[in-house]
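Participant: Following the hints, put chain B in place on chain C, whose structure we already have.
Protein sequences appear in the order of chains C and B.
Numbers 3 to 296, taken from this note's numbering, label the letters of the first sequence in order.
Numbers 50 to 359, taken from this note's numbering, label the letters of the second sequence in order.
Careful: at least some of the hints might be erroneous.
[To be verified] Here are the computed distance ranges between Cβ atoms for each label pair:
{"id": "1", "chain 1": "C", "residue 1": "R28", "chain 2": "B", "residue 2": "Y268", "range": "35 to 43 angstroms"}
{"id": "2", "chain 1": "C", "residue 1": "M67", "chain 2": "B", "residue 2": "F132", "range": "36 to 44 angstroms"}
{"id": "3", "chain 1": "B", "residue 1": "L55", "chain 2": "C", "residue 2": "A263", "range": "52 to 60 angstroms"}
{"id": "4", "chain 1": "B", "residue 1": "K133", "chain 2": "C", "residue 2": "P246", "range": "30 to 38 angstroms"}
{"id": "5", "chain 1": "B", "residue 1": "H104", "chain 2": "C", "residue 2": "R204", "range": "51 to 59 angstroms"}
{"id": "6", "chain 1": "B", "residue 1": "V157", "chain 2": "C", "residue 2": "A263", "range": "28 to 36 angstroms"}
{"id": "7", "chain 1": "B", "residue 1": "E173", "chain 2": "C", "residue 2": "P212", "range": "29 to 37 angstroms"}
{"id": "8", "chain 1": "B", "residue 1": "G220", "chain 2": "C", "residue 2": "R28", "range": "56 to 64 angstroms"}
{"id": "9", "chain 1": "C", "residue 1": "A207", "chain 2": "B", "residue 2": "N120", "range": "45 to 53 angstroms"}
[Stated by the list, open to error] Over the 12 angstroms line for every Cβ pair with chain B, so calculated as not near, a few chain C residues:
{"id": "10", "residue": "L41"}
{"id": "11", "residue": "S159"}
{"id": "12", "residue": "I178"}
{"id": "13", "residue": "Q196"}
[Claimed, not checked] Some chain B residues judged to face chain C by a derived CB distance under 8 angstroms, without partners named:
{"id": "14", "residue": "I186"}
{"id": "15", "residue": "F194"}
{"id": "16", "residue": "N293"}
{"id": "17", "residue": "L320"}
Everything labelled a hint here was simulated from the structure, so no lab data went into it.
Positions of the beta carbon are idealized from the N, C-alpha and C atoms, including for glycine.
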Amino acid sequence: MSEQTIEIPRRESSILRAIKSVALLRESAVGMVGLAIVLFWVLVALFADLLAPFPPNATIMPLVMPGTEAPDGGMFLLGTDHIGRDILSRIMHGARQVLIYGPLATVCAYSVGIPMGLAAGYVGGLTDEVLSFIANVILSFPVLVLYVIIIATIGASAVNIVIAVTFASAPGIMRIVRGLVLDLRSREYVFAAQTRGEPPWRIMAVEILPNARGPLIVDACLRLGYVIITIGVLGFLGLGLPPPDPDWGGMINETRQMAMAFPHMALFPCLAISSLVLGFNLLADGLREVSLRD
Amino acid sequence: MMIFVLRRCGTMVLTMLVVSLLLFLLLEISPGNVATKVLGPYSSEEQRNLWLEAHGYFDPIYERYFRWLGNFVIGDFGDSIRFKVPVGEVLWPRLANTGILALATLGVVVPVSLILGVLAGMREGSTLDRTISVSSIVTTSVPEFASAVLLSAVFVFLLDILPGTSGMSEGFDLKQLILPVMVLAVYDFGYVTRMTRASMAEVMLTHYIRTAVLKGLPYKTVIARHALRNALITPFTVIMLQINWLLSGVIVVEYYFAYKGFGALLLEASLNSDIFVIEACAMVAVFVAVATQTIADVGYTYLNPRIRFS
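Extracted from the complex, chain C is given alone in its bound form (with noise of 0.2 angstroms):
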């Protein structure tokens, strides 16, 4: 260590440079909207065993209206199902499976695609060659058709659905990744830590990858919001979380053939799903204005 005294300005713990980027977000109304939308998903999933009225799985009265009585007090917000469940607590709970295995699934894409991203672009020649065409025939494939003949070869559950979204996606992340990898590489900071000896990967990780993560950030987002999307359309396709537990697009496709005399039933599932698209989007659209203005 030198014994220089250069006063060297402290940089700010991350927890308030994270708050001050949000709080950025105030900026854009559109991006708030998106926030809150998210949060109050998100607080509900969290608190679904306290708010929801109901048991999410409990038969109790089949087929009835909204704003019907229960036998044993309490109200069917938002009526029940063909099998006699409380709709709403059917959502409530819905919202934990959609926000536990929607964000998990898109962390494992981006753990994939990162590295392949990385590498791709830092390294180069063969490597980027190589990893391209993969992510090139993969991309191939209309997602749908991926994830149909997918789920039905390996089986419908939980942790297939990951598999399944982690493999269609990675690719896509990839190409994003390499191309910002492709631009920042260039940078006199790399530069530096070439001369300085560090390891590729070090460099990699700690050099690029943070300089990055602006559009990743934004990208995050929409896709999470696709990701949703996915897990919503399997369900709705029959090849989602298995059954009884509640799954958004599960309950769509299990009472859609009853929609034209009972409405409700696939009415409400609709609204949730797509307000929770609409949050992540709305908020991936305040994000890249904000990420533009400065």
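Facilitator: Using the frame of chain C, we list chain B on its own:
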């Protein structure tokens, strides 16, 4: 230019080959499974072996792959396990139905999203721009199955003016096509609109547009003769790539409305492990996706004067 086109076509063929290999490995790696699926779970060991023998499944895997690929190229996809007829007989009519659905959807999406996108991008930040931008985010946030339920609730349950299913059991009926097209269009137009808007907004900031305005040309002429030409290059690519998304969308919509198309066929085949149908459908889907992407790439290069004349 010629070399570029040839290279793109080469990549396309290579991609198709790798996709076919992936599908083959995924679905036919274990002959025992194939036999069980073809002959049913109650077939005896002996029957399965006989069938495998007769269809050459005891040959080395690379030989099987190339034979399978050769049959594929000449349009022999094998027999459907469920329908007991050659896959082609089931596939082609279904594909034609989906083609009608897709064309009708594009026929709505393309003009609507181009017009809205240009209007929004023409005056960035105006009230019209904000309205169009926000509503396109809202419509892309509603998954197809949700908008199918919502639109059915309105047009079938409340107003009772449209049929709720599109089975087309008594011949082709335009009325049954309206709801599926509406659902697909609502989901798809948002993205194309946003891309058109971004492209138009970028063009409006260029120097040549400012020159044209300062020269005293009427605003309409500036838009029609100078801005549109360059602003519509990106949307062309986006629309071609949108076909890939459309192929995903048709699975959901065809399933919901019981429309007898290719997406519903793929889903049924997957749920029933009708492997030869899955293979054929997947290959067709990837072919359409890769072909449109190639057209998009080549077209983009051709349309963009900066690349064309260099």
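Participant: Determine for every hint whether it applies to the structure shown.
Facilitator: Do the hints match the structure? See the list:
A beta carbon spacing of about 36 angstroms between R28 of chain C and Y268 of chain B agrees with the range 35 to 43 angstroms that was offered as a hint. A beta carbon spacing of about 42 angstroms between M67 of chain C and F132 of chain B agrees with the range 36 to 44 angstroms that was offered as a hint. The beta-carbon spacing between L55 of chain B and A263 of chain C, approximately 59 angstroms, falls within the hinted interval of 52 to 60 angstroms. Take K133 of chain B and P246 of chain C: their Cβ atoms lie about 36 angstroms apart, and the range 30 to 38 angstroms holds.
Taken as a hint, the range 51 to 59 angstroms holds for the pair H104 of chain B and R204 of chain C, whose Cβ atoms sit roughly 54 angstroms apart. One distance hint, 28 to 36 angstroms for the beta-carbon pair V157 of chain B and A263 of chain C, holds here, with the actual separation near 30 angstroms. About 32 angstroms separates the C-beta atoms of E173 of chain B and P212 of chain C, a value consistent with the hinted range of 29 to 37 angstroms. For the pair G220 of chain B and R28 of chain C, the beta carbons lie near 58 angstroms from each other, so the given range of 56 to 64 angstroms is met.
Between A207 of chain C and N120 of chain B, the C-beta spacing of about 48 angstroms keeps the proposed range 45 to 53 angstroms intact. A cut-off of 12 angstroms between C-beta atoms confirms that L41 of chain C is not in contact with chain B; the least separation is 17 angstroms. Once the 12 angstroms rule is applied to beta carbons, S159 of chain C is consistent with being away from chain B; the minimum gap is 16 angstroms. Every beta carbon of chain B lies more than 12 angstroms from that of I178 of chain C, the smallest distance being close to 16 angstroms; the non-interface claim holds.
The Cβ of Q196 of chain C lies farther than 12 angstroms from every Cβ of chain B, with a closest approach of about 33 angstroms, so its non-interface assignment holds. This hint holds: I186 of chain B has a C-beta 5 angstroms from the nearest C-beta of chain C, less than the 8 angstroms allowed. With a least beta-carbon distance of about 4 angstroms to chain C, the hint placing F194 of chain B at the interface is held under the 8 angstroms criterion. The beta carbon of N293 of chain B comes within 5 angstroms of a beta carbon in chain C, closer than 8 angstroms, and the hint placing it at the interface holds.
Below 8 angstroms, beta-carbon pairs count as interface contacts, and L320 of chain B has one with chain C at about 6 angstroms; its hint therefore holds.
This entry satisfies every hint, going by the numbered hints stated previously.
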